[in-house]
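Protein chains in written order, with full-length UniProt numbering: chain A, 1 to 238; chain B, 1 to 303.
Please note: incorrect hints may appear among the correct ones.
Stated by the list, open to error - Here are the computed lysine to aspartate or glutamate pairs in the EDC-like style, where the Cα-Cα straight-line distance is at most 16 Å: (1) B/Lys-256 / B/Asp-280; (2) B/Lys-136 / B/Asp-87; (3) A/Lys-17 / B/Asp-235; (4) B/Lys-136 / A/Asp-78.
Just so you know, the hints here were simulated from the structure itself, not pulled from any lab data.
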Amino acid sequence: MNSTIAMITFRSMLGRKRALLLLGLPLILLVLAAILRATGNNDLDVSSNVLQQFGLATLLPLLALIAGTGVIGPEIDDGQIMYVLTKPIPREVIVLTKLAVAIILVTVFAVVPTLLAGLVLVGTTAEVTPAFTVGVLVGGVAYSAVFVALGVASRNAATIGLLYALVWESLLGSFAPGAKSASIQQWSLSVTDALTSASPVESTVNLTVAISLLAAVTAVATFLAAFRLRSLTVASAD
Amino acid sequence: MTELILDKVSRWYGNVVAVNGVSMKVGPGVTGLLGPNGAGKSTLIHMMGGFLQASSGSVTLDGTPLWQNPDVYRHLGLVPEREAAYDFLTGEQFIGAMAKLHKLPDPAAAARRAIGLVEMDYAADRQIGNYSKGMKQRIKMASALVHDPPVLLLDEPFNGMDPRQRLQLMDLIRRMADEGRTILFSSHILEEVERLATHIEVIVAGRHAASGDFRKIRRLMTDRPHIFLVRSSDDRRLAAALIADGSARSVQLTEKGLQIEAVDFQRFTWLLPQVSRDADVRLWEVSPADESLESVFSYLVAR
Chain A
1 MNSTIAMITF RSMLGRKRAL LLLGLPLILL VLAAILRATG NNDLDVSSNV LQQFGLATLL
61 PLLALIAGTG VIGPEIDDGQ IMYVLTKPIP REVIVLTKLA VAIILVTVFA VVPTLLAGLV
121 LVGTTAEVTP AFTVGVLVGG VAYSAVFVAL GVASRNAATI GLLYALVWES LLGSFAPGAK
181 SASIQQWSLS VTDALTSASP VESTVNLTVA ISLLAAVTAV ATFLAAFRLR SLTVASAD
Chain B
1 MTELILDKVS RWYGNVVAVN GVSMKVGPGV TGLLGPNGAG KSTLIHMMGG FLQASSGSVT
61 LDGTPLWQNP DVYRHLGLVP EREAAYDFLT GEQFIGAMAK LHKLPDPAAA ARRAIGLVEM
121 DYAADRQIGN YSKGMKQRIK MASALVHDPP VLLLDEPFNG MDPRQRLQLM DLIRRMADEG
181 RTILFSSHIL EEVERLATHI EVIVAGRHAA SGDFRKIRRL MTDRPHIFLV RSSDDRRLAA
241 ALIADGSARS VQLTEKGLQI EAVDFQRFTW LLPQVSRDAD VRLWEVSPAD ESLESVFSYL
301 VAR
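With the hints as extra help, turn the sequences into a complete structure.
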């Protein structure tokens, strides 16, 4: 971990318009939660559904995509990464720092809003709120690692990430049950499922499998990102 | 003594060869890497800076390979060609961050020293995004100097600078070299290289075309057939006189005037007025037809 790299990354992530993007989605979730509560539509079924569909399945992957690719992709694109790479710093330290920043951003802009929305909707009934908070957090770590790796590996990281989140996880997941098991979203849901007694939360993936897969994906993605950054070839105009 | 050694270095992208079997030694002092745009200068500098793997051959700094070896950056400073720095930081924050990334014992002092070296103190608390091109170039220079490296690589450092900034940067580079540093900079402008570099390496189309001090390179570039376009009061008579005199290899009568291929640049420019006076021909215009750097380079390659 390198505090200087973290400082620069935070400033570039929060200094620009991207900060508004980061803030927009969680605000919508919170407003939605407040409206549902005010209109009395906050029974356990509806609330779990909102937390799952909006918090876990939409807010989380999108925020992780913005944060994960944003902490490193643009820097590689416009060549600023040269200033970090021309220092005697092991590449894995750079990747771990970028990943830590992404996870902190996901925590602030997805995990905390999910927690707040849960509290507004159902309080702590049936442990729904803590369960989703933990689910979103572990999912956030895995998503961040995958998207940071994508950001290092490809100039089109945001597009590929979006396709994965939208097409693979959401669309294919609803058609092909097999594809459903191979998604970070389902593994996070499995963790959530294990933590709450609320019946609407139902996962198809076994908890042990889910946790091992989350850990494996995180580790492999982080390793690949560091490996790729070691031999990052800076495109030259010449 | 710090020496950067390239040994039969090639680099290709797919089927395109960007650098082809280049061997050179870069030692203390200022070395200019001269070549037209697209010759492979940046590719070479990227390999010297450890940002690109040579497809074959080796690039070493005092015996240590540069590729995948972040420790070499303790001894090496690199000024990239691209303008992008962290625009949201002030100059001082940027250089301070670079000093911290180098884990220098007193980063703030090192940053102030580096900013002082490039004379950017007056703008140190302004955001880099608001800097002019020349200021950005200088702050980039400071970022490469902050850890006082013995080797400095600069990729097209004079691009986009006005003449005054150019002179300032040349002074700075000379000062750095006088302190015993090994400095290499790339440029496609002969003038810049000639004024600054004590040693010149010429790269054309990915190949090492020439190497030496600027007098040698200058000679190589002038001792070649030169083509002049001459308009006079009587082209035909002048052509006859020139052929008879022997200072021109060939003379061609064209619509626009005489196209003359001279063997010896200096002898020809000295003889032409005499020949025309003796032949009683008035010269209206004498202009070199192939003085572009590209033609000079292509001559060097063909040699």
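Consistency of the hints with the structure:
no.: 1; hint: B/Lys-256 / B/Asp-280; verdict: violated, 20 Å
no.: 2; hint: B/Lys-136 / B/Asp-87; verdict: holds, 10 Å
no.: 3; hint: A/Lys-17 / B/Asp-235; verdict: violated, 69 Å
no.: 4; hint: B/Lys-136 / A/Asp-78; verdict: holds, 15 Å
Violated hints, listed in ascending order, are 1 and 3; each of the other numbered hints is respected by the structure.
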